[in-house]
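Assemble the whole structure, with the sequences as input and the hints as a guide.
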Amino acid sequence: MSALSPVEFSTVGLPDQERIELWEGHNADALIGLRCRTLEASQLEATEVNVQLDSIGLARVVGTSHVVERDAELIRRRPSDSVVMYFSLVGDAFFYSEDGVRTVRPGQLLLCDADKAFMRGFSRGLEELVIKMPRSIFADVADIRALTDPMVFDFSKGGNAHAAALAQHVNRATRSNERVPPDEQAILELVSVLASGARDDLNTAHRAAAKAFIEGRISDPSLSATKVADAIGISARHLSRVFAADGVSVPRYILARRLDVARALLEKPAAASMTIAEIAHHCGFASATHFSNAFVLKFSERASDVRRDAAAARAMSAS
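Position 300 of the sequence shown, counting from 1, maps to 966 under my numbering, and the rest follow consecutively.
Hints in this document: simulated from the structure, not taken from any laboratory.
Glycine included, C-beta positions come from ideal geometry on N, C-alpha and C.
Each hint should be verified, as a subset may be incorrect.
[To be verified] Beta-carbon label-pair distances, calculated as ranges:
{"#": "1", "residue 1": "P935", "residue 2": "S906", "range": "35 to 45 Å"}
{"#": "2", "residue 1": "A978", "residue 2": "R771", "range": "27 to 37 Å"}
{"#": "3", "residue 1": "G882", "residue 2": "I810", "range": "26 to 36 Å"}
[Claimed, not checked] Within a straight-line C-alpha distance of at most 25 Å, the following computed DSS-like cross-link-like pairs (lysine-lysine) qualify:
{"#": "4", "residue 1": "K798", "residue 2": "K782"}
{"#": "5", "residue 1": "K823", "residue 2": "K798"}
{"#": "6", "residue 1": "K964", "residue 2": "K934"}
{"#": "7", "residue 1": "K823", "residue 2": "K934"}
In structure tokens form, the structure reads like this:
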């Protein structure tokens, strides 16, 4: 569940003649290599937030109108060996590949092989979330040896629940305010269920659904295994067995996620006005004492020390 600090890159304020080259360079390093061009004579204004987990990368991209292309020559020169998932939040996008042209609208997720040539265009700009996953890991979790054609899922309200939960994870991990450290295993399980339909492993589907439910209710102090089980339609005993197969109990998983969220808040300058007791309450702890003890047990340091060290690091970087 570990993640490096987010990395943000923006073309805003850069010299006009250097924007595209620098944007292409950042994407080649942080996601996949793409050729980029703007429409007409407009200058590219684009910002990307990247979060690298142990094996997968997450991103949020916001930009003005432009076109990107990954052609055969670029793929030979810079192979990615990965699949990518694009979650469209704002702006229609066209996706052109060997199987034709399709329009991806806000609320839709496009899953494709990054080493199959494609072109994407955003005539009115875009905001999207991205998951980049090594092809070998995708093959393992989704039980799909080769992604022959792009796949599209609806993650808007009333759409695919697992796609919506994936979008929620990436959104919370890459937003600028109150970023929530992502659970990589939960993301992998959701991808597994989404791409494979959980054909052979209902436990993975139940665990993914449970984690998605928990993620959206971390601040609820009454959250319990029984509530989670009721929400996803299985018994509390069955849910316990599902989590036990993963080496953890439901209450301990909820506690670990609450502590991860609390630590992220303690390190954020935006939460500096909150007391530690308020942060504990915000993360679903009914007792500040319980929070303090659990925090030390998990991280081997006090919450107040984490806040102090984060403030000192910010002051040093600003000097």
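We went through each hint and held it up to the structure:
1. P935 x S906: 35 to 45 Å: 39 Å, holds
2. A978 x R771: 27 to 37 Å: The hint (27 to 37 Å, Cβ to Cβ) is violated, given that A978 and R771 are roughly 46 Å apart.
3. G882 x I810: 26 to 36 Å: 28 Å, holds
4. K798 x K782: Measuring from Cα to Cα gives roughly 14 Å; hence the hint holds.
5. K823 x K798: 24 Å, holds
6. K964 x K934: 19 Å, holds
7. K823 x K934: Not OK: K823 and K934 at ~30 Å, beyond 25 Å, violated.
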